[in-house]
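Visitor: Sequence:
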Amino acid sequence: MNSPFSIQAALGIVALSILSAFVAGGLVLAIGLSNPDSSQKFYTFLSFIIGQGFMIIPLFWFLKSRRQPILKRLRLNPISNETLVYTIMLSLGIIILSDELDRMIQSFFPAPEYIVDLNGLLRPDNLLGFILLFIAVAIVAPIGEELLFRGFLQQALEKHWNDVTRAILMTALLFSMIHMNPYWFVQIYILGVLLGYIAWKSKSVIPALVLHGMNNAMAMLFAFVDLEKNSFYIWESHVAPWIILFAMFSSYYGFKGINQVETKS
Numbered sequence: 001m002n003s004p005f006s007i008q009a010a011l012g013i014v015a016l017s018i019l020s021a022f023v024a025g026g027l028v029l030a031i032g033l034s035n036p037d038s039s040q041k042f043y044t045f046l047s048f049i050i051g052q053g054f055m056i057i058p059l060f061w062f063l064k065s066r067r068q069p070i071l072k073r074l075r076l077n078p079i080s081n082e083t084l085v086y087t088i089m090l091s092l093g094i095i096i097l098s099d100e101l102d103r104m105i106q107s108f109f110p111a112p113e114y115i116v117d118l119n120g121l122l123r124p125d126n127l128l129g130f131i132l133l134f135i136a137v138a139i140v141a142p143i144g145e146e147l148l149f150r151g152f153l154q155q156a157l158e159k160h161w162n163d164v165t166r167a168i169l170m171t172a173l174l175f176s177m178i179h180m181n182p183y184w185f186v187q188i189y190i191l192g193v194l195l196g197y198i199a200w201k202s203k204s205v206i207p208a209l210v211l212h213g214m215n216n217a218m219a220m221l222f223a224f225v226d227l228e229k230n231s232f233y234i235w236e237s238h239v240a241p242w243i244i245l246f247a248m249f250s251s252y253y254g255f256k257g258i259n260q261v262e263t264k265s
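The sequence shown begins at 1 in the numbering used here and counts up one residue at a time.
A few of these clues could be false.
[To be verified] Under the rule of at most 16 Å between Cα atoms (straight-line distance), these lysine to aspartate or glutamate pairs were calculated in the EDC-like manner:
#1 K256 / E82
#2 K203 / E82
#3 K41 / D125
#4 K201 / E228
#5 K201 / E82
Since the hints were derived computationally from the structure, they do not count as laboratory data.
Keep in mind that this is a model prediction, so the values were computed, not measured.
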């Protein structure tokens, strides 16, 4: 199964897309810094939105210039309501299990100071800031990253190598690297593998988009809401056993359902 473009071209577009995101976001930040009287957090959150939005511009330009079917090349195929329900079930379970994994890792390897400082710097000061950060993290970032990685790159690698496993693992590796966060590298890589698998299995990037968006939204909640005082969710500084049990069942049945449901491609 051959791809209509080379691996070098695909990787080049991914690199150009990421560069575009950094440049566009950096310009917005520069504008904010040139106005010291303005809210720097506002410009920071705005830079996230604009930067992630610019990520897909080179990708769309490339596909359009090659006269490629954009929806097909980005794996933007419709999914059934059944697949959506199973995706949400899987997402809820995985998010909770990931939270517990983070807690276990932090018990042995506490978060570096820069992670703690970063959470403080990104904490919204008002409702507008929270809305902007939510749009950036839970909506725009998942759309840009999933279209670029699971929709475009992974699909191109699958066709070039004729090896789905290799394509998923390589795409997840690149996905982890662009986040430039060594402390969360393993967690991001595992998430990337799962995103790649469900995109391939469902023959659509939409389930990966849903999981990615829900994961980022809950990450915001975990970062900015004090869950340690919630005795229903937290038990001895870890996720409560009954919540873990729910997460395991939710993940299992969601994953099983996605594997069994018929796709519409």
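Visitor: Run every hint past the structure and note whether it holds.
Guide: Okay, the hints, checked on the actual structure:
1. K256 / E82: 12 Å, holds
2. K203 / E82: 14 Å, holds
3. K41 / D125: With a Cα-Cα distance of about 8 Å, the restraint between K41 and D125 holds, given a limit of 16 Å.
4. K201 / E228: 37 Å, violated
5. K201 / E82: With Cα atoms ~14 Å apart, K201 and E82 stay inside 16 Å; holds.
When held up to the earlier numbered hints, the structure conflicts with hint 4 and nothing else.
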